[in-house]
Each structure stands twice: as structure tokens, then as C-alpha cells.
Amino acid sequence: MKLTVDNVSRAFGGVYAVRDVSLTVPSGELRAIIGPNGAGKSTLFALIGGQLAADHGTVALDGQPVERLPAHRRARHGIGVVFQAARTFPGLTALENVMVGAHATTRAGFLTAALRLPRHHREERLIRERALTCLDRTGLADWAHRPAEELPLGQQRALQLARALCGRPRLLLLDEPASGLRAAEREHLATLITGLRAEGLTILLVEHDVAFVMRLADRVTVLDLGRVIAEGTPAEVRADPRVIAAYLGPSTEPPTPAPAPASAPAPAEGAGP
Amino acid sequence: MTRWALLAAGVATLALPPILPERYLATFVLLLLAATVTVGVSLLMGYAGQVSLGQASFYAIGAYAAGLLSVHGVPSLIALAVAPVVAAVAAVLLGAPLLRLRGHHLAFATLAVQLILLSVLAQADWAGGAIGLQGIPRLTVLGVELRDVGYAYAAWVVLAVALLISRNVIESRAGRGLRAAATSETAAAASGVAIGRYRLAVFTLSAAMAGLAGGVYAFYLGYLSPGSFPVLLSIEFVVMAVVGGLGTIAGPVVGAAVITVLVQVLNTLGTQPGMPDYAPSVLSYAVYALVLIVCVLYLPRGLVPALDRLRATRITVAERADPARTGP
Numbered sequence: 014m015k016l017t018v019d020n021v022s023r024a025f026g027g028v029y030a031v032r033d034v035s036l037t038v039p040s041g042e043l044r045a046i047i048g049p050n051g052a053g054k055s056t057l058f059a060l061i062g063g064q065l066a067a068d069h070g071t072v073a074l075d076g077q078p079v080e081r082l083p084a085h086r087r088a089r090h091g092i093g094v095v096f097q098a099a100r101t102f103p104g105l106t107a108l109e110n111v112m113v114g115a116h117a118t119t120r121a122g123f124l125t126a127a128l129r130l131p132r133h134h135r136e137e138r139l140i141r142e143r144a145l146t147c148l149d150r151t152g153l154a155d156w157a158h159r160p161a162e163e164l165p166l167g168q169q170r171a172l173q174l175a176r177a178l179c180g181r182p183r184l185l186l187l188d189e190p191a192s193g194l195r196a197a198e199r200e201h202l203a204t205l206i207t208g209l210r211a212e213g214l215t216i217l218l219v220e221h222d223v224a225f226v227m228r229l230a231d232r233v234t235v236l237d238l239g240r241v242i243a244e245g246t247p248a249e250v251r252a253d254p255r256v257i258a259a260y261l262g263p264s265t266e267p268p269t270p271a272p273a274p275a276s277a278p279a280p281a282e283g284a285g286p
Numbered sequence: 370m371t372r373w374a375l376l377a378a379g380v381a382t383l384a385l386p387p388i389l390p391e392r393y394l395a396t397f398v399l400l401l402l403a404a405t406v407t408v409g410v411s412l413l414m415g416y417a418g419q420v421s422l423g424q425a426s427f428y429a430i431g432a433y434a435a436g437l438l439s440v441h442g443v444p445s446l447i448a449l450a451v452a453p454v455v456a457a458v459a460a461v462l463l464g465a466p467l468l469r470l471r472g473h474h475l476a477f478a479t480l481a482v483q484l485i486l487l488s489v490l491a492q493a494d495w496a497g498g499a500i501g502l503q504g505i506p507r508l509t510v511l512g513v514e515l516r517d518v519g520y521a522y523a524a525w526v527v528l529a530v531a532l533l534i535s536r537n538v539i540e541s542r543a544g545r546g547l548r549a550a551a552t553s554e555t556a557a558a559a560s561g562v563a564i565g566r567y568r569l570a571v572f573t574l575s576a577a578m579a580g581l582a583g584g585v586y587a588f589y590l591g592y593l594s595p596g597s598f599p600v601l602l603s604i605e606f607v608v609m610a611v612v613g614g615l616g617t618i619a620g621p622v623v624g625a626a627v628i629t630v631l632v633q634v635l636n637t638l639g640t641q642p643g644m645p646d647y648a649p650s651v652l653s654y655a656v657y658a659l660v661l662i663v664c665v666l667y668l669p670r671g672l673v674p675a676l677d678r679l680r681a682t683r684i685t686v687a688e689r690a691d692p693a694r695t696g697p
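Heads up: the sequence lines are chains D and R, in that order.
With this note's numbering applied, the first sequence corresponds to residues 14 to 286, in that order.
With this note's numbering applied, the second sequence corresponds to residues 370 to 697, in that order.
Because the hints were derived from the structure by calculation, they are not lab data.
Beta carbons: idealized from backbone N, C-alpha and C, even for Gly.
There may be inaccurate statements among the hints.
Covered stretches of chain D (chain R as the covering partner; in silico rule of three or more C-beta atoms under 8 Å from a C-beta of chain R) [said to hold, decoys possible]:
#1 78 to 85
#2 103 to 113
#3 125 to 134
Input sequences plus hints: build the corresponding full structure.
Structure below.
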């Protein structure tokens, strides 16, 4: 599904978090959004997903404007979201968590459920089957009947991805899916993302870890201080002097963070293989 | 095991009415009706994360709807069927603006609604005013006019229907959406859950349950007045839901039973010779307060989850003996 963001802005208390951002992601592309801390990546993500409303500008899916729709309606239009924080549903099992994800493509309501109409049984079967497939795919099959809060962090993230996939999205928004993951989990995630892209899913990957992004993305959009400062293939972006300046510039953290977490951006990482 | 417990409880409560002394039969009927309302309150509080301190309003609306219709010649069974519908419509009209409010704001708003309703009913001559609505005929089912024991069975059926609907809703797509929204609104909305509409639906459903119970109440007593639906009654429903255990299906019934029996015992105590006039009411207020405090302190999740956990402890211990599973 093609995503078109046109001239979108959002300010908080007079300060622009995102300012006049435009970008077009053609169907089937894996687009990464990178930028230093406070560049507006997560705000842009929320403006597309519907968690925040834009002050002005348009967001369109396959040419259909969705910027005025609430998040749950955008989900029905085919947007799947994986949040940065592990926003799972405690108290529900892993399987139930993923089944919630199917909301976007199913309809049975309260009356259907209360009266146990045929539609309820039909949809329940479909949802359960699909959820189990998604759990399997994200390597969570063994956790299906555990309460979500008992899953380790890495699995909770995978659970969010499984939940998003259960809604059969055509545009997948991933907000820093790799942060806090161990190396092996990170590899698994990279393989999974590559596989989803190969199936033709359009993916928007907001990421702090430049190295992780550079080897996955078709194209990269670089944000700094709420504006797009560069866009191109990973190689083009890596060589772009504006990008280097943004990462090394005075507005950001030092280039070689001493005891920084693994996910901190460092230009040296971006230049690596 | 749960299935057997359920069956046993069903059989026991069905066998009870004919052998109960008359003065306890009234308590039994009111207990079942209170449990029905509490099923709705528990659905609202436990699964949708909303507090209503005015649930007795819908109990009253259902009761008055059934009472007024039957007084004006509508067959009693039809009047009873209309009662939950009227309560549900009232809930939709009230809920649309009220549910924009959160947490204690909603609680106060529902409380205010009840106060307004009570004063309107007291002024409304067409509803009997402050004197009350009199001459409500008896409930007639298949040509048989119900007597006391009959109402116990009517209330039993009404509670069973409420429990069944509650379970059906919780274990469904809609129920999962609700439970998800109660823990993370953002993630639930992003998954496609229309949170506002869902909450309105649960509010409406809980009102319908209260309305249905209110309908039976109207026919059982044959007389309604605004004084039958005090704010304390709304609070009683909330206490029952909390004590029984929010987010469980059996919780409302257990909570209603425990509180009703406790209040009954204290009432008997309060009306003993030598006790002052105000003893019964003081004792009932005191018991709600005490039970709620004890519950919040020692059983924050209510009786039913506490019992469940007691049973589950053994299972967990057995599970720990298993070799630790590792993530894939």
C-alpha cells in the first residue's frame, strides 16, 4: 500500500516536533526513518498511525486521505502498528493479545457475541487460526497460553509484531523494534522483516540503530529537528554531508558515546558494513 | 471442576425457594436481583474500567417502565421485556455524553444522574410522585400468576440470562477488545478497537441488566417509590462487585450473596430489643465501609480471584518443577 505524507506538521506548546514533512513510500517498499534524538521520528510515526492528529497536512493510503480518522479506523484501512514500548495487554494470554490484532479485519459485535450467532463462531475460528499462525511466525508458539506480562521483553516485542500481523496490515509501522533486543533476537527480527517485505508488505521502520536500518531499508528518510533533511538509498544517505552534520552537530549527542546503550546512534556504525 | 461447582450452585439455588421460610424468601429474591445488577456493574468496572455510582438509576428506570406499562394495561410479560430496552435506551442517551468523562468524573456524573432521576420521579404525578406507583399487577407467565416462590424462579432465570450474556460477551472478539482497552487504550485503538463505541455498548448492556432486574422487582413488590432506589443501593452494587471480584464471572454473585447475608445478619442484630432506632441503618452503612476497607486491604482483587489463586498456587508449584522453558 502506498503511503503519502504531505506537508504534515505537529507542534507541542508552540514548538514544532514535526514541520512540513512530506514523504512518499511506494507500495512494497521498506522505508527507514532515522534521525538523532528529538528529530521527530516518533511524532511522525504517531501522525501516520493516528495516535496523534496533525495540525495540518495530509496522510493518504493509496490516495485515500486518512488524517482525520481516529487510530482504530486507520487500522481498518490497513495500518498495523508496533510501538516502541512493549504495549501488550497484561491479563490476556499471548494468544488473546494476538487475537485482539484481528479486530481490524473482523466485525462481530456485542449482540453477535451475546446471542452466540453463527457469525461469532465463524469469526472466532478464523481469528484463532490466524493468531496461531502469527504466533508461530514470530517464534512465540510456545508462549501462546501464557499471560502476556510473563513474557520476556524480547518476546513481548515479538508479540506486538504478531498482533499487528494478525490484522493483515498492508502498511506496517515499526517504531524502534530492535531496541533492547539481544543480538540473536535482533537477527531473528531482521530476517522476519525481510520476509515480510518480500511478501510485498509496505514497511515504515523508525529506528535509532542506524546499522540495523542500513542493511534492511530500500530507502532512508532522515529527519532532524522535525524536518526532512535527506532522503535516498542507504548508500546515498550515508554519504550525505547534511546527515553527517546532523548526527555530529551541536544539537545532538556526542559521536562516540562512552558508556551508551547498544542502540545509541553513532556515525561510525552507519559507515560499517 | 468449575463446571461442577456451577451445576451444584444452580441445583442448590433452584431447590432452595420452596423450603425457605417466607421472610428469607424475600431476601433471596432481592439477592438474585442485586446479583443481576452487579453482573452489569462488574462488566462495566472489571472489563471496561468504568465506574458507575448510579446503577440503581437503571434499576429504577426498568422497574418504573415495567410498572407503568402494566398499570396501563400492557400484559405483564411484555412490560417486563420492555423494561431492559427502556433502561438501555436511557443508557445510550446518557452514556454518549457521560462516557467522555473518565474515572471519578464518570462516577460523580452517574451519581448526579441518579439524584436528578430521584427528584424527577418524586415530582412526576404520572409515575405516582413521592407517594409512589401503586397497583402494579402480578407477573403472569403462560397464564399463571406468579406467587412468592415463582418470583424466586423468575429472578433466578433473569440472573442466569445476565450471567450467560456476560460470559458470552467476555469470551468474544468484543470482550477481548474491551479487556485490551482497559489495559492499553493506545494499543487497543491501533489494533482496530473502537474504544468509545465499545464502552457505550457495555454501559448500555449493564443498564439493560439492571433494567431487567428492576422489572422483576416492580412485579414482585407491586409498589414502587423513589425511596426504593436510594443512592446507597448504587453503592451497594459497587461494593458487591468489588468484594466478589472484578473481572470474574462468578464474582458478582458471590459478592451479592456475601453482602446480602451480612446486611441481613446486621439488620437482625440492629432490630433486637434494646437497640436504638437508627441501629439498622448505621450498621448497614458501617458494614459497607468496613467490608470495602477490609477487601481493598486484604483482598484487593476480590473473593473469587483470591480463592482461584489459592487453588492455583499448587499448580504453579508443580509447574516450577518443570525444566525452565527458554524462548525460541
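Right, here's what the structure says about each hint:
Proximity of the stretch 78 to 85 of chain D to chain R, defined as three or more residues with a beta carbon under 8 Å from a beta carbon of that chain, is established by the 3 residues found. Judged by the Cβ-Cβ criterion of 8 Å, the stretch 103 to 113 of chain D is covered by chain R as claimed, because 7 of its residues qualify and three suffice. Proximity of the stretch 125 to 134 of chain D to chain R, defined as three or more residues with a beta carbon under 8 Å from a beta carbon of that chain, is established by the 6 residues found.
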